Every structure is written in C-alpha cells, then in structure tokens.
Amino acid sequence: MRLHILTPKIYRILGLELFVFGTFIGICAIIDALIVGIPVHTNPTINFIIGTSKVLISIILIAIWLYIWYYITKRLMLSKEDIKEIKKIKREKKQAKMLDKKEKKKNIKT
Amino acid sequence: MVSSLIVYIIAFTVPLFLSGIGFPFFIKFMLNKGIFGIDIHKKEQPKVAEMGGIVIIISLIISSVITILVVDDSNAQLMIGIFCITITIAGIIGIIDDFLTLSAILKPALLLIASVPIIASTWFSSGPLYNPEPLFPLIGQTRLTIVYLILLPFIITVPANAVNMIDVFNGSMAITTIIVLIATFIANLIIFNRDFASLDPTNIFVLMITGVLIAFLIYNRYPARVFGGDSSSLTIGASLGAIAVLGRLEIVIIIAIIPFIMNSFGIISSVKGLLERRKMARPTKMTKDWKIESTNDQKAPITLVGLIIQKGPLHEKDIVKSFGILTVFSSILAIITAILIRVVI
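Protein chains in written order, with our numbering: chain W, 1 to 110; chain F, 1 to 345.
It is possible that some hints are incorrect.
Lysine-lysine pairs mimicking BS3-like chemistry, simulated, CA-CA at most 30 angstroms apart [said to hold, decoys possible]:
1. W/9 with F/311
2. W/9 with F/33
3. W/88 with F/288
4. W/87 with F/288
5. W/74 with F/28
6. W/84 with F/299
7. F/33 with W/80
8. F/33 with W/74
9. F/43 with W/87
10. F/299 with W/9
11. F/47 with W/74
12. W/87 with F/42
13. W/97 with F/288
14. W/80 with F/291
15. W/80 with F/317
16. F/47 with W/80
17. F/43 with W/84
18. F/285 with W/109
19. W/88 with F/317
20. W/105 with F/291
21. F/42 with W/90
22. W/87 with W/74
23. W/9 with F/28
24. F/33 with W/84
25. F/28 with W/80
26. W/88 with F/43
27. F/42 with W/88
28. W/97 with F/299
29. W/94 with F/43
Per the computed footprint, the stretches of chain F lying under chain W, defined by three or more beta-carbons under 8 angstroms from a beta-carbon of chain W, are [claimed, not checked]:
30. 55 to 65
31. 170 to 176
32. 203 to 212
Derived from the structure by calculation, the hints contain no laboratory data. Please read these numbers as outputs of a predicted model, since none were measured by experiment. For glycine and all other residues, C-beta sits at the position ideal for the given N, C-alpha and C.
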C-alpha cells in the first residue's frame with residue numbers, strides 16, 4: 001500500500017469524516033444532557049406535548065447536522081477557483097440588485 | 001439441531017462457494033451473448049461481462065433458503081426470509097435498471113418498495129421484526145415509533161443509492177462494503193455483547209453478504225472480468241439498510257458509510273438534484289499514462305473521486321485504495337460509536 005502517497009491527497013476528507021463524527025457525538029451529548037433529562041409529567045396531555053417536542057427538537061438538531069455535513073462537503077469539493085467564481089457571481093448579483101433599487105428610487109422621485 | 005457456529009459457517013461459505021463457481025460460467029455466457037461493457041479506464045479497452053449482480057442475487061436467494069432450512073428458530077427463519085425478499089426486490093429493480101435505464105427519480109422511488117416486506121413483517125409475527133427504538137451513542141435507546149416508520153423506507157433507499165454511486169471503479173464497491181460489513185459485525189458483537197454460541201440473524205446477514213462480496217471481488221478487482229451493474233450495487237446497498245433496521249445498527253451503519261454519503265452529497269449538490277448517471281457529463285478523463293484526472297467540466301458532477309484527484313491524477317488502483325482508506329477510517333469511527341452506545345445500554 002502506498003499510504004504515504006495517498007494519505008496527503010485525502011487528509012482533508014479524513015478531517016471531514018472526523019468533523020462529521022465529532023459533531024454528531026456532540027449533538028448526542030446535547031440531546032442527552034438537555035432533552036432526555038426532562039422528567040415525565042403526570043398529566044398525559046402535557047406528557048405527550050413534552051414527548052413530541054423532545055422528538056422534534058432532536059430531529060431539528062440532526063437535520064442541522066446533516067445540512068452542515070452537506071454544506072461542508074459541497075464547499076470541500078469545490079476548487080479555489082470555483083469558490084472565487086461563485087463569490088464573484090454573488091457580488092455581481094448584489095451590485096445589480098443595488099443598481100436596480102437605486103434606479104427605482106430615482107424613478108419614484110422624478 | 002444445528003449449532004449456531006455451523007449456521008454461521010454455512011451462511012458465509014454457501015454464497016462464497018455459489019458465487020465463486022457461478023461467476024466464471026456467467027462471464028463466459030454474457031461474453032458469448034454479447035452482453036458486455038468496455039472498461040474505459042484501461043489502455044486495452046477490454047470487454048467486460050455486465051450485470052454480475054444476477055449471480056449475487058441468485059447466490060443470496062439460494063443461501064437464504066439453505067440457511068432457513070438449517071436454522072431451528074422460527075423468528076430467525078422469518079427474519080432471514082424477510083431480509084432475502086427485501087434485497088431481492090432491490091436486486092430486481094437493479095436488473096430492470098440495467099436493461100431499461102430508469103430515471104434518477106423513479107429508481108429511488110421504486111426502491112422505497114423494498115422496505116415493504118420489513119414493514120409488513122408485523123402481520124406475519126407477534127410483533128414487527130424491526131425495533132422502532134434506535135440506539136444512539138451517549139443517549140442509548142430512543143422511542144421514535146411513528147417517526148421511525150416514516151424514516152424506515154429511506155433507511156433502505158439511501159444506502160442502496162449511496163452504494164450505487166460509489167460503484168465506479170474495479171472493486172471499489174466490493175472492497176468498501178466488505179470493510180463496512182466487518183465494522184458492522186464487530187459493532188454488533190460490542191453493542192449486544194453476543195457470543196457465537198447464540199444465534200443472531202444480524203451475524204447471518206453480515207456473513208452472507210461478506211461471503212458473496214469476497215467471491216465478487218475476485219472477479220471484479222483490478223483488472224475486472226465482470227461488472228456488477230446496478231443489480232449488484234442496489235442489492236448490496238439495500239442489504240446494508242436491511243441489516244441496519246433488522247439489527248438495530250442504524251447509527252453504526254450511517255457512520256460507517258460516511259464516505260458513500262459524502263459522495264452522494266457531492267453529486268446531488270453539483271447537479272442540483274437527482275440525475276441519471278449516464279446523463280451527467282463525465283467528471284474524469286484519462287491521461288496519456290492511463291491515470292485518471294479531472295475533466296474540469298463545470299457541468300460534471302463533483303464526486304469523491306474528484307476530490308481525491310484534485311491534487312493530481314491517480315491510477316485507478318490508487319483511487320480504489322483511497323476509497324478503502326476512507327472507509328477503514330469511517331469504520332473505526334463506527335466501532336467507536338458502538339462502544340459509546342454500549343456504555344449507556
């Protein structure tokens with residue numbers, strides 16, 4: 001195995017794997033500390049609401065984790081030139097919008 | 001009564017043996033019938049038999065039947081049967097895709113059907129074969145009931161498509177999946193503290209798929225003599241999903257297949273949704289010395305391969321090794337996950 005040649009080429013992906021794993025464990029720790037610990041209520045209606053809220057909050061946290069994972073993967077897979085180009089396009093769009101707004105304001109005044 | 005260890009040996013050796021002897025005949029047959037693909041990553045552009053997944057599916061069906069016959073536990077028999085039906089449905093969808101090329105949306109939608117046998121298992125036994133209480137690290141058992149039922153079809157479809165998307169080089173799918181299965185096997189032993197004396201259907205599933213994949217790898221490794229096609233990758237991917245559900249190893253398998261999911265994320269994000277592989281622009285091309293380099297085509301999907309060859313072209317074998325390293329790393333993380341689950345249950 002030519003590990004010494006291959007590993008430098010994939011260290012960024014290995015780092016991302018570790019990040020994804022670390023954040024997931026972090027989320028599990030948050031859920032365990034803040035959500036699982038909420039005591040069971042004697043009133044069944046309140047208990048149902050609490051239970052549903054627990055599941056919803058946990059799902060939202062997992063969804064955020066998945067989105068972060070997706071976003072970083074997407075960014076990592078773009079080259080520096082691609083990122084520059086995306087920024088350039090965004091900047092141009094912003095400028096075009098600003099110009100549009102200014103023109104509209106001018107038109108209203110006149 | 002057959003001891004558990006013998007059942008495990010049968011579960012591993014039967015598919016290994018069946019595929020091992022089945023592939024040479026299949027390759028000959030397919031080449032004679034003119035059903036082959038061209039391996040574009042080789043200078044010689046060899047003809048390679050296609051649809052090797054058919055041998056995988058047949059081997060797994062026969063192995064499942066034999067295992068059901070030797071197992072003495074009705075619940076285990078039912079689980080093996082349901083597992084076999086699930087992966088067969090995925091395999092049939094794969095075969096249809098190999099022949100007709102299904103659209104990128106229809107394929108995952110059809111794969112949702114593969115989860116029906118698992119959901120329907122409730123009607124054949126005293127309770128559902130799946131447990132809607134997945135195990136999370138540091139948290140332990142969680143009760144998701146309805147949410148789990150909604151997510152269940154995706155637990156089958158997502159790995160099936162992820163494995164399908166990683167099957168792009170000689171041996172890439174087989175090597176990475178075998179690594180994932182080894183990690184799953186270890187994680188199952190850690191979490192449920194089982195020994196080989198007791199019969200565990202999850203071990204049977206893992207051993208069956210590993211056996212068939214080892215035989216497939218012999219013929220699919222560089223230079224490949226057979227391509228698995230979508231029939232193989234969807235069968236194997238669905239089997240990972242089924243193992244996750246039936247073995248309560250959902251989180252462990254998600255962590256183990258991080259590189260697969262990353263690859264899918266890249267493709268989906270770059271082509272802005274689901275698109276059939278054959279309709280996408282090629283992300284790679286060959287150099288003069290037959291290494292693989294990026295095409296730098298803006299319309300091409302961004303894949304894990306693209307990320308690996310970002311710093312320069314690599315030989316096909318080296319890319320597959322890189323896949324292997326990434327999967328070994330994620331599998332280690334999956335085993336750590338299993339330990340973190342074990343400490344709280």
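TODO: Decide if the proposed pair is consistent with the structure: residue 84 of chain W and residue 299 of chain F, CA atoms, cutoff 30 angstroms inclusive.
DONE: 17 angstroms, holds
Task: Restraint check for residue 9 of chain W with residue 28 of chain F, where alpha carbons must lie at most 30 angstroms apart - done: 39 angstroms, violated
Open item on the list: So is the segment 170 to 176 of chain F in contact with chain W by the C-beta rule, three or more residues under 8 angstroms, or is the coverage claim wrong?
Closed with: Violated, because only 0 residues of the segment 170 to 176 of chain F bring their Cβ atoms closer than 8 angstroms to Cβ atoms of chain W.
TODO: Go check the segment 55 to 65 of chain F versus chain W for me, would you? Three or more residues, Cβ under 8 angstroms, otherwise it fails.
DONE: Per the Cβ count (0), the hint is violated.
Task: Hint consistency between residue 80 of chain W and residue 317 of chain F [alpha-carbon to alpha-carbon, up to 30 angstroms] - done: 27 angstroms, holds
TODO: With a cut-off of 30 angstroms on the C-alpha distance, tell me whether residue 299 of chain F and residue 9 of chain W pass.
DONE: 24 angstroms, holds
Task: Pairwise hint evaluation, residue 33 of chain F against residue 9 of chain W, where the allowed Cα distance is 30 angstroms at most - done: 42 angstroms, violated
Open item on the list: Hint check: residue 33 of chain F vs residue 74 of chain W, CA-CA at most 30 angstroms. Holds or violated?
Closed with: The hint is violated at about 42 angstroms.
TODO: Take the C-alpha atoms of residue 33 of chain F and residue 80 of chain W, compute the straight-line distance between them, and say whether it is at most 30 angstroms.
DONE: Roughly 48 angstroms between the alpha carbons, so the hint for residue 33 of chain F and residue 80 of chain W is violated.
Open item on the list: Hint check: residue 80 of chain W vs residue 291 of chain F, CA-CA at most 30 angstroms. Holds or violated?
Closed with: Status holds; Cα separation ~23 angstroms.
- [ ] For the pair supplied as a hint, residue 285 of chain F and residue 109 of chain W, confirm whether the alpha-carbon distance does not exceed 30 angstroms.
- [x] Answer violated: residue 285 of chain F to residue 109 of chain W is near 58 angstroms, above 30 angstroms.
Task: Pair hint outcome, residue 87 of chain W versus residue 288 of chain F [Cα-Cα no greater than 30 angstroms] - done: Violated, at roughly 34 angstroms.
Violation of the numbered hints given earlier is confined to hints 2, 3, 4, 5, 7, 8, 9, 11, 12, 13, 16, 17, 18, 19, 20, 21, 23, 24, 25, 26, 27, 29, 30, 31 and 32; the remaining hints are satisfied by the structure.
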